[in-house]
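Note that the protein sequences, when read in sequence, are chains L and W. When the letters of the first sequence are read in order and numbered with our numbering, they come out as residues 33 to 143. When the letters of the second sequence are read in order and numbered with our numbering, they come out as residues 2 to 488.
Since the hints were derived computationally from the structure, they do not count as laboratory data. Check before you lean on any hint, since a few could be wrong.
Once the Cα atoms are required to be at most 27 Å apart in a straight line, the calculated DSSO-like pairs of lysine-lysine come out as [stated by the list, open to error]:
#	chain 1	residue 1	chain 2	residue 2
1	L	K128	W	K170
2	W	K304	W	K117
3	W	K162	L	K139
4	L	K63	L	K128
5	W	K162	L	K134
6	L	K63	W	K161
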Amino acid sequence: MSLYLVNGIMIGVVLFLIGTFGCMTRRNFIKIVLCVDIMFLGLILFFVSLGYTEGGAAPILGGYSTYVDPLPQTLMLTTVVVELSVTSLALALAIKVYEQYKTLNIKEVTP
Amino acid sequence: MSELLVGMVITPLISAFLFSLTAVSHRIPHAVMMRIRNTLAVVALTALAIQLLMVAPPVLSGQVLTYTMGGWTPFMGIALRLDALSFMVAAVSVTVSFLGMIYSFSYMEHIRGLGKYDAFYFLMVAGIMGVLLTRDIFNMYVFFEILSISVYILITTGEKKENYRASLKYLVLGSVSSGFFLFAVGITYAITGSLNMDHIAAAVPGIMEEDPVPVYMISSLILASLGLKSGLVPLHFWLPDAHSMAPSPVSALLSGIVLKISIYGLFRLSSLFGGSILGSDGVVIVLGVVTLVVGSVLALVQKDLKRMLAYSSISQIGLIITGLGIGTDVAVRGALFHLINHALMKSGLFLCAGVIIHQSRSREISRLRGVSPGMALCFVILSLGIIGVPPLNGFSSKLVILYGAVGAHYTSIAAIIVMASVLSCGYYFRVIQSVLTPEKWKRTYNPPVPRTMSFPVYILTALCLILGVVPLIGLRVAELAVLAGGG
Chain L
33 MSLYLVNGIM IGVVLFLIGT FGCMTRRNFI KIVLCVDIMF LGLILFFVSL
83 GYTEGGAAPI LGGYSTYVDP LPQTLMLTTV VVELSVTSLA LALAIKVYEQ
133 YKTLNIKEVT P
Chain W
2 MSELLVGMVI TPLISAFLFS LTAVSHRIPH AVMMRIRNTL AVVALTALAI
52 QLLMVAPPVL SGQVLTYTMG GWTPFMGIAL RLDALSFMVA AVSVTVSFLG
102 MIYSFSYMEH IRGLGKYDAF YFLMVAGIMG VLLTRDIFNM YVFFEILSIS
152 VYILITTGEK KENYRASLKY LVLGSVSSGF FLFAVGITYA ITGSLNMDHI
202 AAAVPGIMEE DPVPVYMISS LILASLGLKS GLVPLHFWLP DAHSMAPSPV
252 SALLSGIVLK ISIYGLFRLS SLFGGSILGS DGVVIVLGVV TLVVGSVLAL
302 VQKDLKRMLA YSSISQIGLI ITGLGIGTDV AVRGALFHLI NHALMKSGLF
352 LCAGVIIHQS RSREISRLRG VSPGMALCFV ILSLGIIGVP PLNGFSSKLV
402 ILYGAVGAHY TSIAAIIVMA SVLSCGYYFR VIQSVLTPEK WKRTYNPPVP
452 RTMSFPVYIL TALCLILGVV PLIGLRVAEL AVLAGGG
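Could you build all of it, start to finish, from the sequences and the hints given here?
Here you go:
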């Protein structure tokens, strides 16, 4: 385990925790959606760092001896797509909620 | 034979795609379009049911069907697997979603005009089948997301103020829970180097001996994530909103199936990590008992019929979790049997509540009136089933759980379960009293029930009666499922 690997994983976990904390404490719905995004970005960084090898090349056919583990990267492509759809749905819902309640404050929307 | 497993995931996916095509603007008359949609829905669900029936004989004789996608070995590729546990939950899911679809032919007619409802309904079924069949935990996460996203959209199909609010609440909490699940998947990949459940199950004992902390971390993350999705008590506050605001067929599927899928996930993943998720150190039992009691007490004070049913779901989920947490063979068997029973009874009750609300034009329990006798009878039978009155299926599964609790020397828990059943009399009898009071029948507006709405309720009631009179069918399947879920 190199120093860089530890850093990538640590930053990912810290971002995840910041996102979770934000989801629980923010009151504005847009900010909550952003916090969910931060949470998933942290997870993506965490996963990609898991596959990192010191000095590894991109996992494409060629004459290299060490490769970066490609599996976490492919997984994260899927997560990016999932995250995109969740975010777009959440923002669409935010528009609908604003139309109906004239506010985005979660405390005022949910009694 | 095992190619059918792909078919079971693909069939609802393809039909969701076809339904989304019918939402494109077109010149076909509305009546013709509705007929096309109804035929498509029935054909797709029948195909799904036939595929399940075809694999039933080998699976129920203890065989396990495996299919590796594209011929890749499980280390790289994704494997699908069907054993008795997933078959049991899949059979109940397909039955309930079939009946829910038929129910929504007339219930959701004005909303189904857009084609959105059907497409997401089938996407949800695809998510359910995917979670049940997959053997790869990252794939499980993806199917959980497909399931949740379609559920968020289905909740909004009522298009009222409260629908958007409930969906919003569920979306935020569901995303947090998915994040936890994904984090657990990441740690699993880091310590075992594989995402395949068989490889993980083989690697975990060695890791437990070396350093059990990461495994405990994974277990607690998964318990928090799927506990949130299944509404365990400190994390239950999104559930009553989402389940009571959604249109009735969607509520039926949410309470009947989607909650059970999370419990299936808990049970399935628990055996992978050496039983440490539902482990016997008492945390899960305490959570289950607290859920059971709090759900019952909160259901007592509800005025809204569907909200009351949602709180009752929370308490029944608590009962199932308690059974799984006790962990002896008998208790787990009873819990899985109760899982089937509750899926049938609660979806029946929600469909029935849809008819009752439609007929009495009120959601308040004290103002229910003008209910047609057939529906009232079904409601009485189904609610007696949830309370646990002898000739019905709820009784036999509760009895097995009680037997398991006493056998494992948890006598006080058995007493609490009985007490919660008495409490459930309290809230169900209020509705029964209001529905059955005769002088309210006379001066009432009583719109006729369309046949597509009454038949699903009758069928679910009949299934509950059959499972109640011959509980050995369900118990035998649950026994096979325990054997399959253990490995």
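Hints and how they fare:
About 13 Å separates the Cα atoms of K128(L) and K170(W), which keeps this hinted pair within 27 Å; it holds. For the proposed pair K304(W) and K117(W), the alpha carbon gap of about 32 Å is over 27 Å, so the pair is violated. Annotation: proposed proximity of K162(W) to K139(L) holds, straight-line Cα distance about 15 Å (limit 27 Å). Restraint check for K63(L) and K128(L): the C-alpha separation of about 16 Å stays at or below 27 Å, so the hint holds.
Distance hint between K162(W) and K134(L) is fulfilled; the C-alpha atoms sit about 11 Å from each other, no more than 27 Å. For the hint linking K63(L) to K161(W), the alpha-carbon distance of about 24 Å falls within 27 Å, and the restraint holds.
Hint compliance for this structure: hint 2 alone is broken.
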